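Trainee: Please put together the full structure from these sequences, using the hints given.
Line by line, the protein sequences are chains A and B. So in our numbering, the last one in the first sequence is 626, and the numbering has no gaps at all. So in our numbering, the last one in the second sequence is 297, and the numbering has no gaps at all.
Calculated directly from the structure, the hints in this document are not laboratory data. For clarity, every value in this text was computed on a predicted model and none was experimentally measured. For each residue, glycine too, the CB sits at the ideal point set by N, CA and C. Hints may be right or wrong, so weigh each one.
Claimed, not checked - Have a look at the derived ranges for each label pair, beta carbon to beta carbon:
no.: 1; chain 1: B; residue 1: Ala26; chain 2: A; residue 2: Pro138; range: 34 to 44 Å
no.: 2; chain 1: B; residue 1: Ala45; chain 2: A; residue 2: His389; range: 48 to 58 Å
no.: 3; chain 1: A; residue 1: Ala117; chain 2: B; residue 2: Leu37; range: 50 to 60 Å
no.: 4; chain 1: A; residue 1: Asp298; chain 2: B; residue 2: Ser22; range: 45 to 55 Å
What the hints assert, rightly or not - With a straight-line cut-off of 27 Å between C-alpha atoms, the simulated DSS-like cross-links for lysine-lysine are:
no.: 5; chain 1: A; residue 1: Lys399; chain 2: A; residue 2: Lys364
no.: 6; chain 1: A; residue 1: Lys562; chain 2: A; residue 2: Lys364
no.: 7; chain 1: B; residue 1: Lys265; chain 2: B; residue 2: Lys34
no.: 8; chain 1: B; residue 1: Lys95; chain 2: A; residue 2: Lys140
no.: 9; chain 1: A; residue 1: Lys140; chain 2: B; residue 2: Lys265
no.: 10; chain 1: B; residue 1: Lys265; chain 2: B; residue 2: Lys185
no.: 11; chain 1: A; residue 1: Lys140; chain 2: B; residue 2: Lys84
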Amino acid sequence: MSFIVRQVARRADGGDIVRTRSFAAAEITVGRGTDCDIQLADLGIMLRHARLSLLSDGRVAIEATGGIPLEIDGRFVNRADLDVASGPAIAMASHRLTLAPGDAPGSVAVTAERVIAASDAADAGAETGIFSLQGTIPGKRRMAWGLVLLVLMVGLALPIWSMTRRQTRLPDAMVAAAAQPGGAVAQPVAAGGWRPDSVWSSGPLSAAHAGLAQDCGACHQKAFVSVTDGACVACHKPATLPAHAAADRMVRGRLAATGAAAALHQGLNLPEGRCASCHKEHEGPRGALLVAANFCTDCHAGLSTRLRDTAVADVPDWAGHPQFRATVVRDPSPTRPRFERVSLAGRPRENNGLVYPHELHLSKTNSVANMVRRQGLAANGALGCGDCHTPDSDGIGFKPITMEGNCSACHDLAFARDGGVVRTLPHGKPQQVAGIVRDFYLAQAFSPRAGVQRLAFERRLPGQRAEAVTADLRLTSPGEARLRADAAITGIFSPRGVCADCHAVIDTGAADTARRHAIAPVTLTDRYLPKGAFVHRKHRSQDGRTGDAACISCHKGTAVSKAASDVLLPPVSQCRECHGATTVKTRVAATCATCHAYHPGADGHGGPPAAPALPTQVALLAPRSR
Amino acid sequence: MATRARSTGKAVAAAPRDIAHSGFLAHRGGRWRKVALGLSALAIAVYALTDPQPRPNGGTATGYLLGSVGAALILWLSLIGLRKRIITTRAYSLKGWTSAHVYLGLSLIVVATLHSGFQLGFNVHGLAYLLMMIVVLSGLYGIAVYATLPAQLSANRNEATQPQMLEALRALDRQLDTAAQPLDKAEAELVRLSLERCDVGGGLWSRLTGRYPRCGNARARAAVQAIVDDRLRRGTPDARLTQILFLLERKDAALAQARRHIGLKTRLELWLYVHVPATFALLAALLAHVLSVFLYW
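Mentor: Below you can see the structure in the form of structure tokens.
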């Protein structure tokens, strides 16, 4: 009837120290208190924690005396009868009591040992855990892997997955807008949600292409193949957006890259001369239309050396821009006028068929000015540029000059006064004029009426009203009327007659007086420099000058021009006084695109608007420059 | 010195040796600082002297050039993780390598920013730039703390090693444990707070701020202090508890020193927990950045 208590303590080197004591008693106590039989230095254990009592036939009763239940084989109990032979274990805080039959019959061996190391257990891991961040936050390696996987998933895997499954469909509204002449039309961002491959976009698309923001495949049709012209032409049909020149001529004209640059382009699968070579996308709302200024001169600087049959002069840069070659009238004709492009360098003259001295009309002191004053035609008492040259609706050029609109206020064709009515001759119809004059004289011969006066056409002294020539109208016979009519017709068409004021009169040599005279055809040039988009409206005031002074500042010599054959265009050097100059207050652009469009066409898509097409004859008649 | 040695006619003269310590920042008279400044100046010159159309960015000839340089730099910079694990006796010392790593890494800010042409967006390219800047700036922070904190660390340590600091705490714990054995349950529970509910290191926030509001020792000390004061007022002072309070106060001081040490070490270490994972994320983003450009060429 005894307890044999074995208290086990761990040595630092791992070995055990076992202290064995025997208690020849039927009851022993367990606790932290010094009065206990088994004293366990464990603050988790009560001062008097439990009592063990020997029962008969190898059983031990255990009872919790400290108010804390005992844990026996996983169950918490306040008391229990234990079969010693089965080796029961009782857990108490960090300690464990194990019961076993003792060596002596009837005795019970109690082994007490610490099973949970004390908090001061020294080990190398504790130091690392406490003083370094290991274990406090996820390790560097784990975070690196996590982030790598995340980035690869969002930045590569999902976009590639999205790229392989895409179905591209061009928005109808965009295709329709591209087929319309005119500038870029801003498009709304297409509905349809976000697509993973849009994370590859290097920047916002241009306003016109914004609808394709989630549809990368519309342009990037094949992986590792740079955007092809086919993608652009799918919407931008050549009918709306003509090519700059034929494809083969473009290839021959281009200054091909050589050496490393060519190898780089070849190796990177980035062919030159594509739409996308100039029109860079992903550059913001105005992106696609931003084109390099030096891009034109890349080819045009030495074009003639590569494209030997070109009619276009070489342009190395703005300073080296060749002199303007104006489209001037060579042979005026009402139906098929002949134009010719000639350089302004040779002070060319044109043959427009008109007699018109600018000097006479712009004078402030002569008879013209006097007449203008009397009629109140011009506010300041003399004709100015704008009295004849009226800007057209878009402000680029001017409305055509017409006899009725611009000349007839002074150059009226009145030839008779019939009562209160002034009879005038029709303009532009010589044979009608002859008929009307004949009818007039014949009518007077057969049925003379009082109050009818013939007005003299002959040139009069300035300001003098047409004298009534009434004495001539007393006709005696149809024959005399015929003679007088013929004389009057000859007078009208004579060099001193009314027509010759403005026109050259051609003697056809016909026997019939009515058919003997013809007016030389007149063709006024609508646009001298049709390939340049000079907008007059933008130049109404320049460098502090406005009105006629602004006009004359470029069209120098107009005020002293004595003949309509003078080509009163400014040379290119005139443009350089402001464009590209550093001496003017307002820096003005001097890029190629300031005046020229790359894609020809009346709609001007991609360039300045409404550059009028060249007359078809020019293309036929323009001499090759070399 | 060597010259004087020779003139004295001694048979063996000491070779001139650089005995003064020079850190990686001043390695070889700042050789890599000059290289990095030269590289940055070159990049700025290239950027300033070319006029890419329609605007400078990564997609121009200049952009591709700067981008290639930047990508090569990033790959080389990330190799320091390999280099530092290889012990060599060759000319390229780890110190020299670290010096180059620091200065070339800083020049990457210039190269990569010019590569972008200041055109950044919410996309995979912007992500690569963002990660790169996180890596570079965290590295810069790392240099700053390496330059300033070791002195504080040394001053706080007061010649004690980390194991000694821990051992001091453990000794106090053992004394507390022993001293608490006669206590009854409620008082023993208070001492257990200090023994079992006292995390020396604590979480990241505690380490960075030095605030340990749930510290078991502080709670135990406050509670025991209250009991001791109460007994004093009643005229029945308890010697055992007074002894324990004394031990708790000593543990408080030891904890404070250890925790200051931990706080400094945390700041010394933490930047690497940003620098290294962000580097690997950057390498992944760089791959996505470059590959995506060619995929959607």
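Trainee: It remains to establish, for every hint, whether it holds in the given structure.
Mentor: Going through the hints against the structure:
1. For the hinted restraint 34 to 44 Å between Ala26/B and Pro138/A, the CB-CB distance of approximately 35 Å keeps it satisfied.
2. At about 53 Å, the beta-carbon gap between Ala45/B and His389/A stays in the expected band of 48 to 58 Å.
3. Between Ala117/A and Leu37/B the CB atoms are about 57 Å apart, so this pair conforms to the stated range of 50 to 60 Å.
4. Look at Asp298/A against Ser22/B: about 54 Å separates their beta carbons, and that is inside 45 to 55 Å.
5. Our distance criterion of 27 Å between C-alpha atoms is met by Lys399/A and Lys364/A, whose separation comes to about 25 Å.
6. Of the supplied pair hints, the one linking Lys562/A and Lys364/A holds, its CA atoms being roughly 15 Å apart against a limit of 27 Å.
7. Taking the CA atoms of Lys265/B and Lys34/B, the gap is about 32 Å. The hint is violated against a cut of 27 Å.
8. For the hint pairing Lys95/B with Lys140/A, the CA-to-CA distance comes to about 23 Å; that is within 27 Å, so the pair holds.
9. Simply put, Lys140/A and Lys265/B have alpha-carbon atoms about 16 Å apart, close enough for the 27 Å limit, and the pair holds.
10. Simply put, Lys265/B and Lys185/B have alpha-carbon atoms about 38 Å apart, too far for the 27 Å limit, and the pair is violated.
11. The suggested pairing of Lys140/A with Lys84/B holds, with an alpha-carbon distance near 16 Å, which does not exceed 27 Å.
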